[in-house]
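Trainee: If you follow the hints, you should be able to join the two separate chains into one complex; please do so.
Residues per chain are reported as follows:
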Amino acid sequence: MTKTCEIKKTIVFILSESPFASDRNYHVLRMALAIALDAQPRIILTGEAVQLSRPERRIHAPLPDAIGQLRLLREMEVPVYVLEEDLQERSIPPDDLCAGVHVISRQRLAEFVGTATLVAHT
Amino acid sequence: MNEAVGRKIGLVLGANPSSGGALMAVRLAESALANGCRVSIFLVDDGLYMALESSSNKSLLKRFQALSGRGAEITLCSVMLRGRGIEASSVGSGIELGSLLHFAELITTSDKVLFFFR
Numbered sequence: 001m002t003k004t005c006e007i008k009k010t011i012v013f014i015l016s017e018s019p020f021a022s023d024r025n026y027h028v029l030r031m032a033l034a035i036a037l038d039a040q041p042r043i044i045l046t047g048e049a050v051q052l053s054r055p056e057r058r059i060h061a062p063l064p065d066a067i068g069q070l071r072l073l074r075e076m077e078v079p080v081y082v083l084e085e086d087l088q089e090r091s092i093p094p095d096d097l098c099a100g101v102h103v104i105s106r107q108r109l110a111e112f113v114g115t116a117t118l119v120a121h122t
Numbered sequence: 001m002n003e004a005v006g007r008k009i010g011l012v013l014g015a016n017p018s019s020g021g022a023l024m025a026v027r028l029a030e031s032a033l034a035n036g037c038r039v040s041i042f043l044v045d046d047g048l049y050m051a052l053e054s055s056s057n058k059s060l061l062k063r064f065q066a067l068s069g070r071g072a073e074i075t076l077c078s079v080m081l082r083g084r085g086i087e088a089s090s091v092g093s094g095i096e097l098g099s100l101l102h103f104a105e106l107i108t109t110s111d112k113v114l115f116f117f118r
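Those protein sequences? They're chains A and B, same order as listed.
So in this note's numbering, spot 48 of the first sequence is number 48, and the numbers just go up one at a time.
So in this note's numbering, spot 63 of the second sequence is number 63, and the numbers just go up one at a time.
Any given hint could turn out to be false.
Using 25 Å as the maximum straight-line C-alpha spacing, the simulated DSS-like pairs for lysine-lysine come out as follows [to be verified]:
1) LYS8(B) with LYS62(B)
2) LYS8(A) with LYS112(B)
3) LYS9(A) with LYS62(B)
4) LYS8(A) with LYS8(B)
5) LYS112(B) with LYS9(A)
6) LYS8(B) with LYS112(B)
Simulated from the structure, these hints should not be mistaken for lab results.
So that you can see chain B by itself, here it is in the shape it has in the complex (with noise of 0.2 Å):
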């Protein structure tokens, strides 16, 4: 049996999208979901641009929008958005507005956490 199903595992993302980090986080949450883990994403710093229908990179945005709509969680916050002088509208489907209590909960009820900052 899988040791890994219904195990959540968090993603903190703050690379920029054409970085092999924010690329390397991707792949690794549709292989979690693949494998029966659940995933929860939080993106900060240079990853909020990840969400973005202005990305510079687009193929990243709709795979990070087909892990929403297989189940994963994923969160931005909404404060470092505005902090960029960013409007929330230009933020795509499936990736929800909140705050650093979204990335503290992410912490404490993930049984895996990885950060990505390159």
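Bound conformation, chain A alone (with noise of 0.2 Å):
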């Protein structure tokens, strides 16, 4: 009998928007949690969506319902990472993230779009 490998899809997806204003990245978030079984979700956070990637305590503000998702998704060793210029834009410092999350640069965020599966960018 012939035994066949499925190779699962990759899926980038960029989130940029920020948390606070509105409910897209908790949306986006489900939808990544829902195919990490069948496929392999990435999360790359850039923009204003970097406020995701600091611990809760550091968070000023009420927390936004997405933070749980990406929790969620950290647990299910679901790969998230953060734009290195995007934090140094907004003066969050790399050694003040949620653990589990990865900074990368912009050179790596080219090359996981490059080959992606499918590139969602939210």
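Mentor: Okay, here's the thing in structure tokens:
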């Protein structure tokens, strides 16, 4: 009997909206959760969405719902990345991020996009 | 022979009805069907408003319903609909109420998937 090995689709979700402005990030992260078993999602936080990479104690506003979804994704070992230059623009130190969030350069982002099956910029 | 025939195109539409992305998605779906592709559309986020009888862009809703009549599968996320306090009875005919399970199926079964959030 021939064994087949199905390659899972790699899906890069690029979030850039402020988590305080709308619930878009929350819904997009729910979508990433929904496919986490059937595909390989990757979450990239850019622009104002980098606020989601901060520990909850550092967020001086009502916690957006997206925080909980992101925590679940990290617990499921879905890779979560944050763009280095967008952290710098907002004076967020890279050593003060949630556990499991990785800082990447724009070049690395381009590599992820280049090798992904799908890219969703939300 | 047209290589696109029979291929499945998945469209995830989260853009609001007045955006360029929404119009582009509908145009693309119409063309894909005309080319012999199968089309599956999943409405999320602001894209939900496209499916409502009270939509600000009724011509787009009619084009959606025409797509459904030609065989496109159009589903929306009913959890997001409820989250926005919208009654299921507001959804236009030809558009099915679904869940993120439909989204997962669209992702895994489509040959190409495009996202429209702007």
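Trainee: Report the numbers of all earlier hints that the structure fails to satisfy, in ascending order.
Mentor: 3
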